[in-house]
Amino acid sequence: MKTFLLATAATALLSGTVLAADLPRRAPPPVFTPVPVFTWTGFYLGVNAGYAFTESDTIRTTGIGALQGNVNNNLRRPNVVVSQEGFSAGGQAGYNVQFTPGSGIVVGVEADAQYTDLQRTRTEAIFNPVLNPNVLTNSYRTELGFLGTVRGRIGYAFDRVLVYGTGGFAYGDVTQSVSFRTGAPVTYAGSRSSIETGYAYGGGIEFALPTESFLNFFRASAVTVKGEYLRYDLGSRNLFVANVGPAGTPGVGYNARFQTEGSIARAGINYKFGTY
0 MKTFLLATAA
10 TALLSGTVLA
20 ADLPRRAPPP
30 VFTPVPVFTW
40 TGFYLGVNAG
50 YAFTESDTIR
60 TTGIGALQGN
70 VNNNLRRPNV
80 VVSQEGFSAG
90 GQAGYNVQFT
100 PGSGIVVGVE
110 ADAQYTDLQR
120 TRTEAIFNPV
130 LNPNVLTNSY
140 RTELGFLGTV
150 RGRIGYAFDR
160 VLVYGTGGFA
170 YGDVTQSVSF
180 RTGAPVTYAG
190 SRSSIETGYA
200 YGGGIEFALP
210 TESFLNFFRA
220 SAVTVKGEYL
230 RYDLGSRNLF
240 VANVGPAGTP
250 GVGYNARFQT
260 EGSIARAGIN
270 YKFGTY
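Take the sequence shown: its letter number 224 is residue 223 in numbering that gives the first Met the number 0, and every next letter is one higher.
No lab work stands behind these hints, which were simulated from the structure alone.
Do not take every clue at face value.
[Unchecked claim] Distance windows between CB atoms, simulated: (1) GLY182 with ARG256: 23 to 29 Å; (2) SER192 with THR57: 16 to 22 Å; (3) LEU44 with ASP116: 55 to 61 Å; (4) VAL96 with VAL243: 53 to 59 Å; (5) SER138 with PHE272: 45 to 51 Å; (6) ALA88 with GLY250: 17 to 23 Å; (7) ASP116 with VAL36: 54 to 60 Å; (8) PHE168 with LEU208: 29 to 35 Å; (9) PHE272 with ASP116: 28 to 34 Å; (10) PHE145 with PRO77: 29 to 35 Å; (11) PRO184 with PHE206: 57 to 63 Å; (12) VAL129 with ILE204: 57 to 63 Å.
Computed from a predicted model, the values in this text were never measured in an experiment.
Think of the CB as a built atom: it goes at the ideal place given N, C-alpha and C, for glycine as much as any other residue.
Model the full assembly from the supplied sequences, consistent with the hints where possible.
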């Protein structure tokens, strides 16, 4: 009997072991990999293109001494509008810092430079024989060859959407000229070309595309697209339009005052390198 009981217990134990071996094994728990939270922090480079147009584009002329009579009589126009519009294209570089990943305040600095197709020449002929027997020809030219800025930026990020304001230093290559003819020869002329400085301000909205976007040619940590408006003001300057005739008299002529300011509405693309 004792032998029978021991054999029965051994058989039961062996059968339980075999059945346990046939049961499916418990799979290990999946490894959780957190998805990185997007941040705007990092260095970026990009390009932009858009539409530029001028504001306060009236040349105001006054005569020195007796020549003011010509201005009063509209022989030399007191106010001449030289509105300008055209395209702009250039590039930018900057650095952003986001204080809290995901959504939060973003601050940064950006420098940009762009060519501007802002140039205008206006020529008009005036004939008033009661006041002057000659045909008077007045020519005006103004041009902004390029515009650059160095600006601070501050905004708020809603994850991959950034809304921001911007403002800072602006500079540009400004060319201005005026010539007055009495009959055939040029009797009064003046011109200047220099780098003028001032300020710029504006705002925009920027959106970060998925990293695997087809636009990510440079394998950047992010590609962003933006729409932006900037207003610039490089100040006003007086141009002396001097007497250049054969009997030219120093200090005799006209003063033409130019104002250089306008706006740019543009779109751009940036490639961000650095923190995801």
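Please flag the earlier hints that this structure goes against, numbers listed from lowest up. The structure conflicts with hints 3, 6 and 7, although it agrees with all the remaining ones.
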